[in-house]
Each structure stands twice: as C-alpha cells, then as structure tokens.
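There are 2 protein chains.
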Amino acid sequence: MANQSNRRVLLARRPDGPLSRDCFQVETSQCSTLEDGQLLIEANCLSIDAFIRTVMYEEAYHGSVPVGGTLVALGVGRVLESRSPEFEAGDGVFGPIGAQTHAVVPASLFRKVDESVAPLRAWVGALGVTTGLTAYFGIRAVGCVQPGETVVVSAAAGAVGSVAAQIARIDGGRVIGIAGGPDKCRFLTEELGLDGAVDYKSDDVEGALRELAPDGVDVYFDNVGGELLDVVLDQIREKARIVICGAISQYESMESVRGPSLYLRLAERHARMEGFAVNFFETRYGEAQRELSIWLKRGELVMHEHVFSGIDQFPEALLAMFSGGHRGKLIVEP
Amino acid sequence: MANQSNRRVLLARRPDGPLSRDCFQVETSQCSTLEDGQLLIEANCLSIDAFIRTVMYEEAYHGSVPVGGTLVALGVGRVLESRSPEFEAGDGVFGPIGAQTHAVVPASLFRKVDESVAPLRAWVGALGVTTGLTAYFGIRAVGCVQPGETVVVSAAAGAVGSVAAQIARIDGGRVIGIAGGPDKCRFLTEELGLDGAVDYKSDDVEGALRELAPDGVDVYFDNVGGELLDVVLDQIREKARIVICGAISQYESMESVRGPSLYLRLAERHARMEGFAVNFFETRYGEAQRELSIWLKRGELVMHEHVFSGIDQFPEALLAMFSGGHRGKLIVEP
Numbered sequence: 005m006a007n008q009s010n011r012r013v014l015l016a017r018r019p020d021g022p023l024s025r026d027c028f029q030v031e032t033s034q035c036s037t038l039e040d041g042q043l044l045i046e047a048n049c050l051s052i053d054a055f056i057r058t059v060m061y062e063e064a065y066h067g068s069v070p071v072g073g074t075l076v077a078l079g080v081g082r083v084l085e086s087r088s089p090e091f092e093a094g095d096g097v098f099g100p101i102g103a104q105t106h107a108v109v110p111a112s113l114f115r116k117v118d119e120s121v122a123p124l125r126a127w128v129g130a131l132g133v134t135t136g137l138t139a140y141f142g143i144r145a146v147g148c149v150q151p152g153e154t155v156v157v158s159a160a161a162g163a164v165g166s167v168a169a170q171i172a173r174i175d176g177g178r179v180i181g182i183a184g185g186p187d188k189c190r191f192l193t194e195e196l197g198l199d200g201a202v203d204y205k206s207d208d209v210e211g212a213l214r215e216l217a218p219d220g221v222d223v224y225f226d227n228v229g230g231e232l233l234d235v236v237l238d239q240i241r242e243k244a245r246i247v248i249c250g251a252i253s254q255y256e257s258m259e260s261v262r263g264p265s266l267y268l269r270l271a272e273r274h275a276r277m278e279g280f281a282v283n284f285f286e287t288r289y290g291e292a293q294r295e296l297s298i299w300l301k302r303g304e305l306v307m308h309e310h311v312f313s314g315i316d317q318f319p320e321a322l323l324a325m326f327s328g329g330h331r332g333k334l335i336v337e338p
Numbered sequence: 005m006a007n008q009s010n011r012r013v014l015l016a017r018r019p020d021g022p023l024s025r026d027c028f029q030v031e032t033s034q035c036s037t038l039e040d041g042q043l044l045i046e047a048n049c050l051s052i053d054a055f056i057r058t059v060m061y062e063e064a065y066h067g068s069v070p071v072g073g074t075l076v077a078l079g080v081g082r083v084l085e086s087r088s089p090e091f092e093a094g095d096g097v098f099g100p101i102g103a104q105t106h107a108v109v110p111a112s113l114f115r116k117v118d119e120s121v122a123p124l125r126a127w128v129g130a131l132g133v134t135t136g137l138t139a140y141f142g143i144r145a146v147g148c149v150q151p152g153e154t155v156v157v158s159a160a161a162g163a164v165g166s167v168a169a170q171i172a173r174i175d176g177g178r179v180i181g182i183a184g185g186p187d188k189c190r191f192l193t194e195e196l197g198l199d200g201a202v203d204y205k206s207d208d209v210e211g212a213l214r215e216l217a218p219d220g221v222d223v224y225f226d227n228v229g230g231e232l233l234d235v236v237l238d239q240i241r242e243k244a245r246i247v248i249c250g251a252i253s254q255y256e257s258m259e260s261v262r263g264p265s266l267y268l269r270l271a272e273r274h275a276r277m278e279g280f281a282v283n284f285f286e287t288r289y290g291e292a293q294r295e296l297s298i299w300l301k302r303g304e305l306v307m308h309e310h311v312f313s314g315i316d317q318f319p320e321a322l323l324a325m326f327s328g329g330h331r332g333k334l335i336v337e338p
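Chains as they are written, first to last, in the working numbering: chain W, 5 to 338; chain L, 5 to 338.
Hints listed in this document are in silico derivations from the structure and should not be mistaken for laboratory results.
Treat the hints with care, since some could be wrong.
No copy is singled out in the list; a pair is fine if it fits within one copy or between any two copies.
[To be verified] In silico DMTMM-like links for lysine to aspartate or glutamate, alpha-carbon gap of 25 Å or less:
id, residue 1, residue 2
1, LYS243, ASP187
2, LYS243, GLU291
3, LYS243, GLU272
4, LYS205, ASP95
5, LYS243, GLU90
6, LYS301, ASP207
7, LYS205, GLU85
8, LYS116, ASP187
9, LYS301, ASP26
10, LYS205, GLU337
11, LYS243, GLU286
12, LYS243, ASP207
13, LYS301, ASP20
Same shape as in the complex, but just chain W (with noise of 0.2 Å):
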C-alpha cells in the first residue's frame, strides 16, 4: 500500500465575498508512509457541510484552513491499511478525512461505524453527525418540541432542515417548512410529508407564514438567518423556542452579520432564543443514532441525497450548498 496515490482539494485563495470557483485547486499528490497510530483511508462518501466555508476564512470558530492546505470535510470511508490495534482492513470509519480520496489520519479521529445499523452512507447523512444528529438535538434538546405545536423549519429542503422537519413531524408537530421555489415546495408536502410549505423566493412570506401557522409558531428551527428570523420573531407565540442552528445567510460576510432586530419580541413573548452545536450532545450520539436509524428503516424518515462524482467536483458541490439548488444532503463520492 505504500505511494497510494491522492488526488484532493486545497485552499487557493481565501474567498473574499461569495465564494468562486478559483479559490480552490485540485491536485495528485501521494500519501505519506504510514506511522504507528496512523490509518490509511479510501473514501466513500465525502459530507458538505456549511463550516467547510467558515474554516475559509483567516479566523473562524472551527478553526482555519491554511492556504495551500487540504480543505476539511467529514466522511465515511475504508481502512486500506491500518498501524492501530483498533482497526482493521476493511472497517468502515467515519471521522475528518478531508476533500480528497484517500487519507493518511491519526486512528484516535475515527470512529468505526456499525454498518448492521445502516449501511455506510448513512453515517454521513441521517445519522451523520453534522446531519441526522445535528437536526435530531435541534428538535428534541433544545426544540422540545411537543405534540400539536406549530413548528417551522427554514432551508426545510436542504439536510439538516429536512430531517429536522421529519422528526419535528414524528414527534407530533404541526410542521411548516420554508424553502426556495416550488419544486422543494412539493418536496416538502409530499415527499417529506410536511403540513405546509412556504415558497420565500415568491410567497409573500409573512402573509403565507400567518396564513398557514394562523395561531403563532412554538418552534422555529433556524438554519438560514437575516431577515427570515425577523419575520418569523414577529410571529412567535408565548413561551416560544428559536433553535440557533446556523445563519446560512450570514457566512459569505461573518464580518458583518445581521442580528435580528425584532429580538425584543422575546421579552414581549416570553420566549427564547437558543443555540447550540451538535458536539455539545456527544455522549447521546449512540442513543440518537439507534432511534434515528429505527426511523430511517420504517421509511419514517427519509434522507434525500444530491450526489456529486468524483473529488474534481467537490468545489461545484460546496457551490451548491450556497446557492441553494440541491435538495436533501449534498454528498461527494470521490
């Protein structure tokens, strides 16, 4: 296995303003020798994430990525070769691998999957950590949501808001997704099974909101941010839960984010505004992942995938999470 050869991704330019195309470079290179502790990995399937974007940056909450370094993602993959007594060729893992086919990584990073549980993919996807469990924790930790409460979803059609609105559903919630055009409209109804949908790029939003939640929102899964979150604020009931998941319209300019204006909405409503990040939940991975994958076998929940060939595409699929086209987990097979 020795000079396994990688073709991977790297930083050209740190983006300024949206991102484009040139600040990514695509090169062969070889894998280094593999030292004790260390994994040799082929990966399966590569999961974009929003924070692939923020680590862009010069400084960010996730870390930085140097320029001329290997972009991060997470993944799932195959031990090719293996210098930890825990692992074995063949195992499928999961951890940060990186934007590139193969890694040569620190064992102590990866987790070995349970692939009796559900098959490979589904680790980066409906039980992925920065999908399934993250969505999972927004609604039943911080959401809590109940049954018959109203609860909206926003970007309900791409990964984390589609899932979060199905269990959001599962749990008994009245559950209004909010997306862009009329195609993820329809998804949302009839393949995602929501009781309502609202088209922000053509609904009068606020209108359409107070049509179909007529009595206020309990919940609101918040993914996107800006001038959303106000709208929805507005319209918040008493003792009202806003999950901070992340602000996806705010990371091309973290400089000059966008808070949202009506937060005094709060103290009128008594209600609250919370965030959080998945890696806080840790030691109920296990627990939400069994449950989930309950779910996922009973057809409950159902993970749509927009899948990306090969590593050169990693950049066009990062693109697409911005741009907001895809529906469901954007995946990356290199």
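Starting from the known structure of chain W, fit chain L onto it as the hints suggest.
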C-alpha cells in the same frame, strides 16, 4: 369629596426622536364624581418606568396614549373615597394611577397593599411589579443564577438593574455591574456590595469585562441592548443565559432597533437568550414579595430612591430615566 381638584400630565405631542419637555403639558382639572365600582385615590408615589416612553408612540406593545390623554404611570396611593365593597378610605393601594395627583379609577385594576409587610412606597420599588418583581423573576426564573456563577448586569445602577444585581449576589453569584460614570461604579461596589463594576462611559468595556470575568459570563441580565449586548455575547461561556429584560438604548427609535449581530455565539456556546415580561409570573408575585421584604428588612437588599417632588416634575423624572443620571428607583411624589 366632590370636586376634588387634580393636577395631571398630558401627552402634548408624540415624541419624534429623543424625548423633550414640549411633549408634555401639565394642567389642573376636577375629578369626576365616583360611580359604582370606582375609587378616588390620592397618589403617594408614582413609578417612573421605561414603558411610559414606549406608550407615547403611535403604536406600542403596551398600548398607546392618545394625544391630549393623561400619561400612564403605576403607583401607590391612598383611597380617599370608595364605591367598591373591597376597599375603604385609608387603604393603601397599588395600580395604574396615571401621571396625576388624584385619580378616579375602576377598583378592579387596583390591589390593596399590606403595609405591615413593607411601607407603602416599597410597593413601587423593591416590591414593585416593574422593579423588584421584574428583577426577581429575571434572575430567579429566567437567568437561574447558580452559586459561583459570573453574572453581569447592565444599567446596574438603575432601578431594576440594582435589584437584579443584588439578588444575583444574594443567590451566590459573582456580580459585575455596568453603569455610566465613576460615582455610579462606586455605588455598585460600595453600597450594593457587587464584586466589580465597569464604567461604560470611560472604560474599554470589552477589556474591563474580560479582566473582571476572565472565564467568561454565565448570566447576563440585559436592560440596555445595543452595542453592549454584542460586547457581552462575545464573552459568554458555554450554557450561558442572557436575560432580555429591556433595551433602553433602543426605545427612542423602535423602528430601527439594532439586533445583536453576535447572536451566533449562542450556537457556538450552546447558550440561550430568553426574554420575559413580569406579568408572565403573576401567580408568583406573593411569594416573591415575601422574600424581597425579608431581604429589605435584613438590609441585604438596598433600594436607593431618586425622588422628584411635585407632579410638575414628572416630565423631568422621565427625561432623567433616559439621560441616565440617576441611581436606583426614580419616583415622583405628587
């Protein structure tokens, strides 16, 4: 008691930007004759509260005062004449007296106060709905301060802030108050016994706070909003609670409130921002007032008063609330 003369403060014109003296007019009139279910009250202490400013707008959360109408104000007074079976002359009462020396009011809007628990004037201050009770529920029920936690209170020399800071101290918090000017800061540490004070007018607030709270902020009791909210958001710890009580920095231009642009810190640190209005806790007023009265008697809780004498001073007192020159509770003794 017929033809009781009354001096009252009217809304002469709606404010357009900062409050000014010509928004008000003071005039003398006669009280109407009592009807069944009404009381004639002589005002004893009127409470100056930020909401008085907000109801001067055309449309406001707390309702609106018509131009030419008597300004609203909560206060304590004594019943001069009663046509309600539940009250008699001499009773001390609390309720919406209005900005006037005398008032003919529906008895149903007033509550008798127990002067054996605390003197009449305490029922607009340390035990009052807009002051003591607001502070109490903000710290106890929303902030949930735990012993050893670091608590920051903005407008800490003000009425609500000074009580909130002291309750947080009583509950075992390390309390840092933010106020304007060295006199107020001395008041916080020397008279209220807080652990630290930051002068927002002269200190580098960000740096001063980082020095006083090197491990970050667990609870922020916010009465100010604006830029300061972002400064504190940047320094919150994991699982922090931000209590949104008010936003006095924003009340002069409610159409263009500045939202907290660092609200995504909530997600990064699994923190929450929760708002409240005191009336959501109405069923617990009695319990809270008992506890507050015990602290008052023991001297653990100090209620500093800033008194304006004469109803003609009501506009000055309200202007003082927004210019921020006072310490403690602003009271008008008509």
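Hint check results:
1. Taking the closest pair of Cα atoms, LYS243 and ASP187 never come within 25 Å of each other, the shortest separation being 33 Å inside a single copy and 39 Å across copies.
2. Taking CA atoms no more than 25 Å apart as the test, LYS243 paired with GLU291 passes between copies only; the shortest distance there is 22 Å, against 28 Å inside one copy.
3. In this homomeric assembly, LYS243 and GLU272 come within 25 Å of each other (Cα to Cα) both inside a single copy, at 10 Å, and across copies, at 23 Å.
4. Proximity of LYS205 and ASP95 under a CA criterion of 25 Å is satisfied in neither setting, with 44 Å inside one chain copy and 61 Å between copies.
5. Within a single copy, LYS243 and GLU90 get their C-alpha atoms no closer than 47 Å, and across copies no closer than 34 Å, so neither meets the 25 Å cut-off.
6. Taking identical chains as interchangeable, the C-alpha atoms of LYS301 and ASP207 are never at most 25 Å apart, the minima being 35 Å within one chain and 60 Å between chains.
7. For the homomeric pair LYS205 and GLU85, neither the shortest alpha-carbon distance inside one copy (49 Å) nor that between copies (62 Å) is at most 25 Å.
8. Within a single copy, LYS116 and ASP187 get their C-alpha atoms no closer than 37 Å, and across copies no closer than 62 Å, so neither meets the 25 Å cut-off.
9. Taking CA atoms no more than 25 Å apart as the test, LYS301 paired with ASP26 passes in neither setting, with 41 Å inside one copy and 71 Å between copies.
10. Taking the shortest alpha-carbon separations for LYS205 and GLU337, neither the intra-copy value of 30 Å nor the inter-copy value of 56 Å comes in at or below 25 Å.
11. Taking the shortest Cα distances, LYS243 and GLU286 sit within 25 Å of each other only across copies (15 Å), while inside one copy they are farther apart (27 Å).
12. Taking the closest pair of Cα atoms, LYS243 and ASP207 never come within 25 Å of each other, the shortest separation being 27 Å inside a single copy and 37 Å across copies.
13. In this homomeric assembly, LYS301 and ASP20 never come within 25 Å of each other (Cα to Cα): the closest approach is 43 Å inside a single copy and 61 Å across copies.
Consistency note: the structure conflicts with the earlier hints numbered 1, 4, 5, 6, 7, 8, 9, 10, 12 and 13.
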